[in-house]
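**Student:** The lines below spell out each chain.
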Amino acid sequence: MKSAAFDYVKPAAMAELFELLQSHGDDARILAGGQTLLATLNMRLSEPKLVIDITGLQELRGIHQVGDRLFIGALTTHTEIENSALVSQHAPMLTMAAPHIAHRAIRNSGTWGGSIAYGDPAAEWPCCLCAMDGHVHLQSPNGSRKISATDFFIDLYTTALAPDEVVVGADVPLASQADWFAFDELARRHGDYAVAGLAVAASFTGKVAQRVNLAFLGIGTIPWRARRTEALLVGKTLDLATVEIAVASLKAELDPLPDLTHSPETKRHLATVLARRLLSAAHANRSAIAV
Amino acid sequence: MASLQTLQVEVNGQAQVRSVAPRQHLVDFIRNELGLKGSHLGCEHGVCGACTVEVNGRIVRGCLTLAVQAQGGKVRTIEGLSADGDVRDLQDAFVRNNALQCGFCTPGMVMAAKELLEAKPDATREEVREWMSGNYCRCTGYQAIIDAICETLAERAKNSSSRPSEKVSV
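Chains as they are written, first to last, in this note's numbering: chain A, 2 to 292; chain B, 123 to 292.
To be clear, the hints were calculated from the coordinates, so they are not data collected in a lab.
Computed from a prediction, not measured in an experiment: that's the story for all the values here.
Think of the CB as a built atom: it goes at the ideal place given N, C-alpha and C, for glycine as much as any other residue.
Just a few of them, taken from the derived set where beta-carbon distance is under 10 Å, the chain A residues facing chain B: (1) Lys3; (2) Tyr9; (3) Val10; (4) Leu32; (5) Gln36; (6) Leu39; (7) Asn43; (8) Met44; (9) Val52; (10) Asp54; (11) Asn84; (12) His104; (13) Asn109; (14) Asp193.
Excised from the complex, chain B in its bound form (with noise of 0.2 Å):
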């Protein structure tokens, strides 16, 4: 039987620490140790995205990533990340545009759009659909997802060339 670890974590903020067995992957970790249930299993092998989260900043597969993996580390969940409200604007966006049916799909979606909106600020369409490849919607929303996603790109570039112009007439 293999041994249990202890596991040091920052998950939304909050400091845990809890043992865990090495074989549990993050997401399993998150849902049932932390009943945190907003990220989601779909495939389980890194193809569908729907389990995306952030480790020490930077997206990833909580499936293809062990708990124990994470150990010293900060996570970010759909929770923590609409609580900041760091994305306020891309889930209204979401909403505005229908960009979610049944919505399993859109946690992924906007965890890996957040990480998109911060790295490629001037990603063109394509570009955008190029990076959301990665995440499936079952309900085949994707013109939606991706319209919301652009539009939040233009809005962001529009407010923040309008701040220095702003400055300039104060």
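In isolation and in its complexed conformation, chain A is listed as follows (with noise of 0.2 Å):
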């Protein structure tokens, strides 16, 4: 379990590191937190000859609010979105999914780009994203550009980056009064890949939702928007019946891959799981507000 040999580079520049790229292209392996960059050299499913350490890019840090998008960059570590007070604020959701993410000393060196570069389908990052209609940076030598999250991640760990270039962050709207965000995850134990996940980014007028966005992990093989769903629960209060009309609804709409220990029908069951949970938790948080 040793990796293969690599040359390795820390590019002190964007334009360093873009030439790099140019002239390596897929002999080159961009390096960030490296949580599953460093255990895919080890099990030698990937061997590139060169290793491109981006972590000097300091213009790849921070969190900032830029008008009503909170912007976190790519080299933002899962802990630092744990901690950070902005993100609390201004995107919940991020908040309550990120212990979700492997453990401590993992989270500790995962990055927020890499995991939205990488595109597994079972991660956090992706699915909240794609729940909260969140915006990909990408920059290339060419120049800069945004594409929403539904249209970055398209097939297992495919993405719409192209091949100079490189994910510079990620920004979500600010939250408002009007929004309810949640996020939960099932796993065989805490830290582990999900087996099902949900993330929900809903608004409400009193008790009455006006969006209610439904995320799924660990279902497709791309963060699963169930789009039919969500258009049934637009206009209604969440009580016990609308919720059970949902998930009635995610039972024909859902059609979840197996991986090697979860079949789809336990895949689809513990979706609906997650959404009763999530839809009512929202009801009794806006009926609580609503009185």
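The task is to assemble the complex, starting from two chains supplied on their own in separate frames and drawing on the hints.
**Tutor:** So, in structure tokens, the structure goes:
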């Protein structure tokens, strides 16, 4: 379980990074937190000739409010997000999701941008981004672009990232009083890859839902937005009867892929367990506020 | 053939300068180059936690960190942590509670618990269990390990809350 040999370079500027990517192409891999890359190197699932350590690029760090969005730089660690007062104020879903990511020692190294660029369908950040209608910010030698998270994740570990591009960060809308967020997942051991997870980004007028975005992780090849069920919930009060309608709809809408130990039926069931739990919590919360 | 890198790093307070292969991970460097055998390698893909060490004040998976990534930084292993005496109480609690059998996981457990004691001094038992979920014990001594950590948290809380009143009485 030792990595194959590779060369290592730590660029000091974005321009240098782009030159390295251009000259080495697919022989190079970017190292951010390395919490996925190092495991795949050790298991020789990946044998790049060059590892480019981007942790010296200060412009990829930091959490900033930009207009009505909260921007989080690619190199921000999971622990930094977990501990950030700005994040808990403006994007509380991320604060809820962070403790589910692996374990503290891994969260201290692993990064926001690394998780997004890798595009694991069982990962928390891609799922949260899709639930919140986040944007992924990309940069190449030719300039910058922004793409909605739901367009960025294309297929299993496959994203819209071009070979000459890097993820520089991602932003989410600032939470308002009308918003309600929740995140939960079911795993065999706390911090393990979840069997199923759910991120809910909802807005209410009183007790009436104006939008209920439902993004599932661990279900499909990318974060799964349950758009048919979402549409059913708009304009509704999320009382018991409505929650059961949503659960029935999800059973028809979700078509989970099995993993080594869980059948599609198990995953579908667990997804509805989460939906029932979180939608009921949303209703309880809004009922308490409305009173 | 990949070219060697010059690594300058402080390990347990001692400056080290070595030539390392980029592919060498931090715990192989610590064990094989520096001869510090307290950090253990279990799975080598980030699952078991036996390799937990501190880099620049934060615990990391030593098997998922390249030695070259510690360039210019400060590393602390169980040897340094023990010598510093920062977790003497925690280590005593481990002994009192029989929180180790074969001891293979213990350095990683102590490193992980150290950051918990600092970051969440008022952690509940449930939070301790969640925090420590990243460390495997194959002798399955989990109850005793959690007991030892909770006991240390309680002792530290008692000591820190008794200090101000002592000052008042003085």
